[in-house]
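Sequence lines, in order, name chains H and B.
The letter at position 232 of the first sequence is residue 232 when you use the numbering used here, and the numbering goes up by one with no holes.
The letter at position 246 of the second sequence is residue 246 when you use the numbering used here, and the numbering goes up by one with no holes.
Calculated directly from the structure, the hints in this document are not laboratory data.
We put the CB at the ideal spot given by N, CA and C, even for glycine.
No incorrect hints appear here.
Quick list of in silico lysine to aspartate or glutamate cross-link-like pairs, EDC-like style, CA-CA up to 20 angstroms:
id: 1; chain 1: H; residue 1: Lys133; chain 2: B; residue 2: Asp224
id: 2; chain 1: B; residue 1: Lys132; chain 2: B; residue 2: Glu50
id: 3; chain 1: H; residue 1: Lys283; chain 2: B; residue 2: Glu50
id: 4; chain 1: B; residue 1: Lys132; chain 2: H; residue 2: Asp138
id: 5; chain 1: B; residue 1: Lys407; chain 2: H; residue 2: Asp45
id: 6; chain 1: B; residue 1: Lys614; chain 2: B; residue 2: Glu624
id: 7; chain 1: H; residue 1: Lys283; chain 2: H; residue 2: Asp138
id: 8; chain 1: B; residue 1: Lys590; chain 2: B; residue 2: Asp761
id: 9; chain 1: H; residue 1: Lys305; chain 2: H; residue 2: Glu108
id: 10; chain 1: H; residue 1: Lys133; chain 2: H; residue 2: Glu108
id: 11; chain 1: H; residue 1: Lys305; chain 2: H; residue 2: Glu197
id: 12; chain 1: B; residue 1: Lys614; chain 2: B; residue 2: Glu594
Partner residues aside, some chain H positions facing chain B, computed with beta carbon under 8 angstroms:
id: 13; residue: Tyr18
id: 14; residue: Arg44
id: 15; residue: Asp138
Beta-carbon label-pair distances, calculated as ranges:
id: 16; chain 1: B; residue 1: Gly444; chain 2: H; residue 2: Pro276; range: 24 to 34 angstroms
id: 17; chain 1: B; residue 1: Phe733; chain 2: H; residue 2: Arg12; range: 48 to 58 angstroms
id: 18; chain 1: H; residue 1: Glu266; chain 2: B; residue 2: His573; range: 47 to 57 angstroms
id: 19; chain 1: B; residue 1: Val576; chain 2: H; residue 2: Glu266; range: 53 to 63 angstroms
id: 20; chain 1: H; residue 1: Thr264; chain 2: B; residue 2: Phe457; range: 32 to 42 angstroms
id: 21; chain 1: H; residue 1: Pro276; chain 2: B; residue 2: Val46; range: 15 to 25 angstroms
id: 22; chain 1: H; residue 1: Thr66; chain 2: B; residue 2: Ala297; range: 23 to 33 angstroms
id: 23; chain 1: B; residue 1: Ala637; chain 2: H; residue 2: Ala240; range: 34 to 44 angstroms
id: 24; chain 1: H; residue 1: Arg46; chain 2: B; residue 2: Ala600; range: 46 to 56 angstroms
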Amino acid sequence: MSTVIPRSDFARDILHVYAVITWASVGIALVVFVALGWILVRFRDRPGAPLPAQTRGHTLLELAWTVAPALVLLVIAIPTIQVIFRTQAVPSPQALEVTVLARQWWWEFRYPALGIGTANELHLPVGRPVVLKLEGPDVIHSFWVPQLGGKRDVVPGRLNRLTFTAETPGEYWGQCAEFCGASHANMGLRVVVDAPEAFARWVSAQRATPAEPAGLAAEGKALYARSACVGCHTIRGVSAGVLGPDLTTFGSRGTLAAGMFPNTVENVAAWLRNPPALKPGVKMPALGLTDAQARALATYLVSLK
Amino acid sequence: MRAWLTTVDHKRVGILYGVTAFVFLLVGGIEALLIRLQLAGPGQRVVSAETYNALFTMHGTTMVFLAIMPLNAMFFNYMVPLMLGARDVAFPRLNALSYWIFLFGGLFLNASFLVGAPPDVGWFGYANLTTKQFTPGASVDFWLLSLQILGVSSMIAAINFIVTIVNMRAPGMTLMRMPVFVWMTLVVQFLIVLAFPPITVGLIFLMFDRFFGTRFYDVTAGADLHLWQHLFWIFGHPEVYILILPAFGIVSEVLPTFARKPLFGAPVVIYSGVLIGFFGFGVWSHHMFAAGMGPVADAAFSIGTMLIAIPTGVKIFNWLATLWGGTIRTTTALHFAAGLVGLFTIGGLSGVMHASPPVDLQQTDSYFVVAHLHYVLIGGSLFGLFAGAYYWWPKMTGRLLDERLGKVHFWVLAVGFNLAFFPQHYLGAIGMPRRIYTYADGAGWTFWNFVSTVGAFGIALGVLLFMVNAWRSLRAGAPAPADPWDGRTLEWRTSSPPPPHDFDTIPPVLGRDSFWREKYGRGRGAGGAGASGGPSAGAPRVPDDHIHLPAPSSWPLLTAAGLGILAIGALTHLAVVAVGALVTVVCMFKFALEHHRTAAHEHQVGNLGVDHRKVALWVFLGSECFFFGTLIATYLAYKGRSVVGPEPHQILNIPLTTLSTFDLLMSSLLMVLALAAVQRGDRLQARLWLFGTALFGLIFLGFQVYEFTHFVLEGLTLQQNLFGSTFFVLTGFHGGHVTVGVVWLLSLWVLDLRGKLGVADAVKVEVAGLYWHFVDVVWIAIFTLIYLIP
Chain H
1 MSTVIPRSDF
11 ARDILHVYAV
21 ITWASVGIAL
31 VVFVALGWIL
41 VRFRDRPGAP
51 LPAQTRGHTL
61 LELAWTVAPA
71 LVLLVIAIPT
81 IQVIFRTQAV
91 PSPQALEVTV
101 LARQWWWEFR
111 YPALGIGTAN
121 ELHLPVGRPV
131 VLKLEGPDVI
141 HSFWVPQLGG
151 KRDVVPGRLN
161 RLTFTAETPG
171 EYWGQCAEFC
181 GASHANMGLR
191 VVVDAPEAFA
201 RWVSAQRATP
211 AEPAGLAAEG
221 KALYARSACV
231 GCHTIRGVSA
241 GVLGPDLTTF
251 GSRGTLAAGM
261 FPNTVENVAA
271 WLRNPPALKP
281 GVKMPALGLT
291 DAQARALATY
301 LVSLK
Chain B
1 MRAWLTTVDH
11 KRVGILYGVT
21 AFVFLLVGGI
31 EALLIRLQLA
41 GPGQRVVSAE
51 TYNALFTMHG
61 TTMVFLAIMP
71 LNAMFFNYMV
81 PLMLGARDVA
91 FPRLNALSYW
101 IFLFGGLFLN
111 ASFLVGAPPD
121 VGWFGYANLT
131 TKQFTPGASV
141 DFWLLSLQIL
151 GVSSMIAAIN
161 FIVTIVNMRA
171 PGMTLMRMPV
181 FVWMTLVVQF
191 LIVLAFPPIT
201 VGLIFLMFDR
211 FFGTRFYDVT
221 AGADLHLWQH
231 LFWIFGHPEV
241 YILILPAFGI
251 VSEVLPTFAR
261 KPLFGAPVVI
271 YSGVLIGFFG
281 FGVWSHHMFA
291 AGMGPVADAA
301 FSIGTMLIAI
311 PTGVKIFNWL
321 ATLWGGTIRT
331 TTALHFAAGL
341 VGLFTIGGLS
351 GVMHASPPVD
361 LQQTDSYFVV
371 AHLHYVLIGG
381 SLFGLFAGAY
391 YWWPKMTGRL
401 LDERLGKVHF
411 WVLAVGFNLA
421 FFPQHYLGAI
431 GMPRRIYTYA
441 DGAGWTFWNF
451 VSTVGAFGIA
461 LGVLLFMVNA
471 WRSLRAGAPA
481 PADPWDGRTL
491 EWRTSSPPPP
501 HDFDTIPPVL
511 GRDSFWREKY
521 GRGRGAGGAG
531 ASGGPSAGAP
541 RVPDDHIHLP
551 APSSWPLLTA
561 AGLGILAIGA
571 LTHLAVVAVG
581 ALVTVVCMFK
591 FALEHHRTAA
601 HEHQVGNLGV
611 DHRKVALWVF
621 LGSECFFFGT
631 LIATYLAYKG
641 RSVVGPEPHQ
651 ILNIPLTTLS
661 TFDLLMSSLL
671 MVLALAAVQR
681 GDRLQARLWL
691 FGTALFGLIF
701 LGFQVYEFTH
711 FVLEGLTLQQ
721 NLFGSTFFVL
731 TGFHGGHVTV
741 GVVWLLSLWV
751 LDLRGKLGVA
761 DAVKVEVAGL
771 YWHFVDVVWI
781 AIFTLIYLIP
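Given only the sequences and the hints, what does the whole structure look like? Please build it.
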């Protein structure tokens with residue numbers, strides 16, 4: 001999640017300004033520290049020293065150390081203003097639009113033009129401008145994937161926007177960056193930037209209805225269909241709940257519970273047995289599953305690619 | 001013991017502030033250590049998520065409101081009158097009242113732990129997380145009630161200090177001859193007076209949403225959640241200058257003293273402080289760069305924030321120039337002051353980084369900004385406070401602190417602090433968000449979090465060393481002379497500690513650094529007056545039997561207790577609220593009448609040629625402008641955003657309100673007549689017009705009651721829509737102000753009936769009149785903006 005290893009135009013623009021300010025700051029800090037240190041040594045009290053000259057001030061010096069910092073600030077301000085307007089410009093009409101709904105404590109992503117939706121893992125095509133439309137159904141959150149750019153708050157009642165073009169395929173981590181309650185620390189997200197073909201494949205997979213499972217996974221699906229799960233979750237062809245994340249392609253995600261754990265059968269089973277114990281305040285309750293039931297369900301969910 | 005409960009002596013009130021605030025500093029410090037223990041490694045379970053969220057909320061709230069602000073107040077209280085050559089503050093009993101309200105507010109906030117509902121929404125409490133829908137328990141109620149109480153304490157104290165500084169300076173002490181610490185204090189008080197009203201209003205909105213169902217932060221009703229953020233930060237940004245300027249003032253006293261030469265560019269340091277205070281009101285939205293305000297607002301606030309860096313930098317350079325060419329005695333106080341110069345530079349530079357929105361979009365809400373704020377608050381405010389502690393300890397206690405232990409304290413604190421917080425810049429840069437109770441092992445944040453925790457314990461050790469030093473000094477420290485440091489300002493001219501009346505005779509003021517001039521003349525070298533100890537040493541004490549010492553009073557403590565009961569009632573039962581209100585009101589009357597007709601209290605005219613009480617009221621009216629301005633601005637911002645009706649044009653009765661407006665305007669005329677009558681001793685007319693003004697006020701209130709009732713019957717309630725919420729709160733608070741005015745006028749009327757309102761009391765009627773006219777003027781603004789303009 002480094003802010004200094006940019007992977008988008010937005011992040012690179014920021015880093016450029018960051019570098020200018022950092023060098024200016026280091027320079028000023030050096031001047032102040034060296035001066036302070038030297039002065040404290042050079043003008044130390046010695047026994048018998050007379051009273052020093054009671055100098056009151058010096059107008060030219062005051063002007064100098066007012067104007068000099070102002071000039072440094074000008075050097076910082078110019079790229080700052082340029083980048084502000086460049087990164088908040090009207091997005092290109094070719095931009096891929098993604099609606100981001102930030103909820104306590106997970107992320108929903110909808111692609112209106114593509115007719116698909118998923119949760120907690122955002123796939124984006126490399127090299128194509130993206131517009132994230134940030135909506136908040138509950139409290140204020142903040143979308144932050146440092147390598148792809150700065151953060152933007154998700155404010156209920158307002159339509160905030162984040163625009164950038166990802167430049168390198170890869171996986172990037174993000175996390176909610178506005179305190180939003182008990183599990184604010186557990187609201188991570190994963191962004192997968194795909195080459196165009198890989199992105200197209202992913203989109204198709206999102207549209208497809210999952211194949212019929214076999215074995216333990218089939219047991220899991222049967223259990224799913226008759227449990228409380230269906231009230232909150234969507235699995236295409238099986239259930240249509242909207243209170244929790246869409247699980248249609250759950251198995252294709254690298255993590256679960258908004259970036260908390262790697263997506264393995266063991267971790268999913270542990271989660272299913274007692275979500276509130278793992279994620280404080282989570283709205284998904286413990287459903288009283290036996291170990292066997294949890295395993296079956298987990299096997300089913302992980303099979304959903 | 002009883003003496004401390006009823007004291008009104010500024011020195012004792014200062015010590016009360018200091019001891020209480022130091023205890024809260026330790027409480028906040030323990031909260032910090034628990035935070036750092038939890039974060040020392042990934043996935044720890046030292047505390048639960050819920051507890052952690054309460055810990056960082058309470059740590060921030062405690063350190064800002066219960067530690068740094070009152071520690072600053074300790075020095076304001078103790079030193080400002082001495083530095084001015086005054087014998088106390090303008091209103092000694094109000095001073096004590098401020099302290100007791102602060103104490104009860106702090107206890108109330110921490111009582112939340114005892115009932116298992118500590119505030120857990122961040123010290124900045126963003127709506128709508130703080131609404132009842134998302135945080136239903138009592139935690140937010142504790143938080144908002146405490147802040148309101150603490151706000152009252154700060155406001156009263158601020159008015160007190162402004163009047164003291166502008167109106168109680170010794171003869172010859174022009175404003176530009178005042179020590180820089182006093183100047184910084186003055187700027188801080190103005191910041192408090194003007195910055196607290198907006199957050200008071202924001203908290204009122206939150207309280208009304210939670211207690212009465214209004215819609216101020218209800219998105220479904222059309223509310224804009226940026227409203228809270230703007231109101232909070234319009235307060236919050238000046239607040240950081242409230243926290244740091246006193247430390248800047250202390251450094252501006254300590255460096256010259258130990259370099260043995262004047263503050264370089266003193267007028268520039270003063271003007272830059274005033275500029276910082278002024279511009280500090282124009283940069284608040286740099287806390288909102290990620291909130292989506294749009295590029296124009298981002299750019300404007302960015303430029304403003306960068307501009308503020310200039311006067312701050314100017315101070316750093318002037319301090320360096322003060323030391324340059326001096327003869328520097330490296331006492332502990334000087335260590336801390338020099339430490340501030342270095343550490344605040346780092347904090348200020350990271351602040352400049354935050355001033356650039358693109359960069360800030362990576363840094364805000366990450367550990368980078370946590371590093372920044374601790375560099376300016378610990379490296380700045382706390383180091384400044386320790387400098388002041390070592391500097392003024394002899395004056396306040398009559399004993400010296402151990403210098404060797406002091407330097408160990410400094411180095412332990414400096415090393416511990418940098419170890420704790422410098423790595424946090426890096427943690428923020430590699431993406432660690434703030435306000436998270438844990439993190440994953442694979443994030444790469446583990447090592448530097450561990451280092452930071454070690455540093456935090458270093459800070460704790462440093463503070464502990466100070467406590468040891470203080471304890472040993474109080475028990476058996478070397479006695480301190482009046483002027484242990486060969487000081488420059490007037491506090492060194494009296495004994496250590498000073499006598500109850502501060503100065504045997506009011507000192508002469510020869511210029512800036514007046515005491516130094518007395519000792520050494522204007523130029524370098526001894527001017528014949530002798531450098532040994534100063535003129536007051538050795539001179540016989542001649543008590544001046546014309547000195548009026550303010551008498552102790554129990555009303556400050558009791559009035560504060562009433563407020564405390566009120567707050568408890570808000571969380572328990574309406575009956576308790578009633579009891580608390582009754583106690584508060586009764587005590588306020590007793591307080592106000594305690595010295596009515598005491599000869600020594602009649603004449604209170606100061607440097608400005610104006611009575612203290614009039615100056616105080618004008619300052620208060622300034623805060624009221626911001627209070628009503630905020631309410632009106634919110635009404636206008638929410639205009640047209642209501643999702644359901646009724647709407648203004650459907651329900652406001654312009655003709656009727658024109659009548660009531662006319663009535664209120666006429667009441668001002670009657671007030672003028674009442675004052676004229678009191679001033680010329682015409683008791684009949686005084687009674688007639690005082691009653692008349694109150695009566696017209698009551699008529700206005702009658703109109704308002706009719707209007708409110710009619711509206712409710714028509715379907716416009718507080719809860720109905722944004723119009724209902726904003727309209728009733730705005731006009732309701734105005735009506736509340738009218739009610740207070742009516743009670744005030746009727747009280748004066750009753751006093752007159754009893755023959756206790758004479759010509760000498762005219763200033764009290766004048767002050768009431770000023771308040772009354774102001775309430776009128778506010779109504780004109782409300783009538784125009786809400787009723788007349790469609």
